[in-house]
Amino acid sequence: MQTQNTFSWINSLFPDLSSIQPLGQGGQKLVFSATHPTEGDVVLKIIHPFQDPEGVRREILAVQQIASSRVPKILAVGRVDTPMGSCIWIREQRIMGITLRERLQNGPLPIDELLKFGIQMLESLSAAEDEHIVHRDVKPENIIVDHLGNYWLIDFGIARNLSMSPLTPLTLPFGKFTLGYAPLEQIRNVQSEIDARADLFAFGVTFFECATGVQPFIDGAASQFEILRRLENNLIPPLHLGCEAANSLTDLVSSLTQRRRDHRPSNVGDALVWMKDILKAQTKA
Amino acid sequence: MELYLQFGYGMMALCRELVEEWEGGTVILSPRDLTSDQCQRLSNSIRSLPNGKVLFDPQFYLPHADHERLVAHDFWPKAYSTGGFFGGPELAKLMSDLKALNDELGTDQAVLPGLLAQEVTDDWLATQAAVLEEAQAVSFGRPLCQTIALSAEACRMETQVEHLLEHAENFKADSYYLVVQHPKGNYLVDDPAWLSNLVDIIAGLKLNGGKVIVGYSNHQMIVAAIAKADAIASGTWMNVRSFPPEKFQLSYQEEIRQRAIWYYCPRALSEYKLPFLDIAKRVGVLDMLAPTVMDPRVANLFGGEQPSTVGLSEGAAFRYYLSSLKLQVDESLKGSFEDTISAHEILLTEAETILASLRSRGIRGQMRDFTEIVDVNRAAIAATIATRGPILRHQWHAL
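So the sequences go chain by chain: Y and V.
With the first letter of the first sequence counted as 1, position 284 gets the number 284 in the numbering used here; the numbers rise by one all the way through.
With the first letter of the second sequence counted as 1, position 269 gets the number 269 in the numbering used here; the numbers rise by one all the way through.
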């Protein structure tokens, strides 16, 4: 938890912001909510000085490139001297809502919400794919549900632009990932095999969790090794949703979460069309 | 799915007769078994028939092949060096010669040369890319059909199949001619990994937007329909119903020296030597071996005489096999993935039931008996449902 002293240097360094409150602190950054006189509610991120500036620059570039209405916009970027050292700061649009993780504590999403979630997330990922950007960390913690029930994809901290050389050394046995959501090719740091289909896998797992409330690889696993073993050996079980779309959604999720990426849809656009077809059929029913 | 005729030894008259009888069909010409003049004559003959089409397989699987008839063809390179061929003028000349040959033969599409991959390596993939690139540069004026020739081991290793399919996303041929060696040289393949991977390759290529022809097939490959293959190709002798790469070498022992007449029972997916039909008659189960719709070529076998004495000729047995297979192939593809799977499961269940009855009475197909193969095909179906099923179900009509 941040102390009042921490806020005081933040307040003095960002005099144009008011109501600065801590939102969270990760290994890579401090995150605050604040109010800007013209931009309204914003998020202020202060990146730890030990973070690779090239990685931060790419994160910023990635978000700026994606033409999605449901990826929070970066409003301003700068550098500031802080008690932690010289830090990059990012001010971005604040989405008022809760994380999908928090939402799922109230149970799975009903079918209408589920389909809306599916369409909106795939639209955001498709916009990223258009710019050759792979998010690489799609999971409920990185999705916000706003007050209108729209889904926002956040935190491009480990995103990768496929047209740029990778920052993670190829010699590392493991890449950056969240176990239980990342596909095997990402876990094994096979850079040449990481493309938008890695996001499709993570989205498929997240979608299953939204539909059932169960994380199929993590729930009940005794250790990280068991999660890995499940990823290597298990297929996601069928969805039992009691609705017209259940079989079609089972097919789509099964296809998205195939262990081999060549067994998944070849791109996000195809998956989005598939999801829209399901929505259409469900709406008719 | 269609049945193409895979040309092999002594098939000239048979091809013409069957294409005529079927009111159309495609013959894959084999330079190993035909001289240049024979190729031209057969092509002319087939194409003169309604809906008759030909393809020419350059059979460049083993560039060091020394089969006399094959290497006597004008297109066959006079010298081949492993290192430079695919990056030099020799490839351009081969392509130019093949284009001229395809023009002369009036082929429906141009089958491109493809080396047999003992292993799916980056070097092999590079040769595939070089061939396609050169073919595109030559401009064949007809669809390009890329040969994908794999060893049995390459096909049974999932990592290699995955490697192939990852790169196949960059292949941009109009169609693919898939030629895969059978494990251990077996006629019917008892390795479920091999068959599952083969179906997976077909599905991957189809989903990538190409048409797929599976060469050197027998009735076990009816299962290719579940991945919506466009055609399988089969012929008379075993060496055109499975792919033995060694047949392109001079030292190959021709199968016709060990000839025997086999009767195909479509419902049992098995073939039987005629003396076993004699036993079937004696123990009262001959009718189980009869085709659902009687074919005049084999009607005498079921006419009351001892089957082995009615004079079923080798040629009639071949024609009957291919016509029966054609009926099964025609029926193998349904309007949906689900219906296609159901049709195959019914086919296997019926075969299993008949085979059990026949075996209990001592009727065996020996090396062409499907009893041990039923579960291999079932495994391939199950694997396809689990991995490719969702997307095939969704895209079935678009494939």
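Simulated from the structure, these hints should not be mistaken for laboratory data.
In this text, all values refer to a predicted model and were calculated from it rather than measured experimentally.
There's no promise every hint is true.
Label pairs and their calculated CB-CB ranges [to be verified]: (1) V:174 <-> Y:23: 53 to 63 Å; (2) Y:233 <-> V:350: 31 to 41 Å; (3) Y:54 <-> V:246: 54 to 64 Å; (4) V:209 <-> Y:219: 37 to 47 Å; (5) V:209 <-> Y:233: 22 to 32 Å; (6) V:398 <-> Y:11: 57 to 67 Å.
Where a beta carbon is used, it is the ideal one built from N, C-alpha and C, also for glycine.
>> Tell me the hint numbers this structure goes against, listed in increasing order.
In response: Structure breaks no hint.
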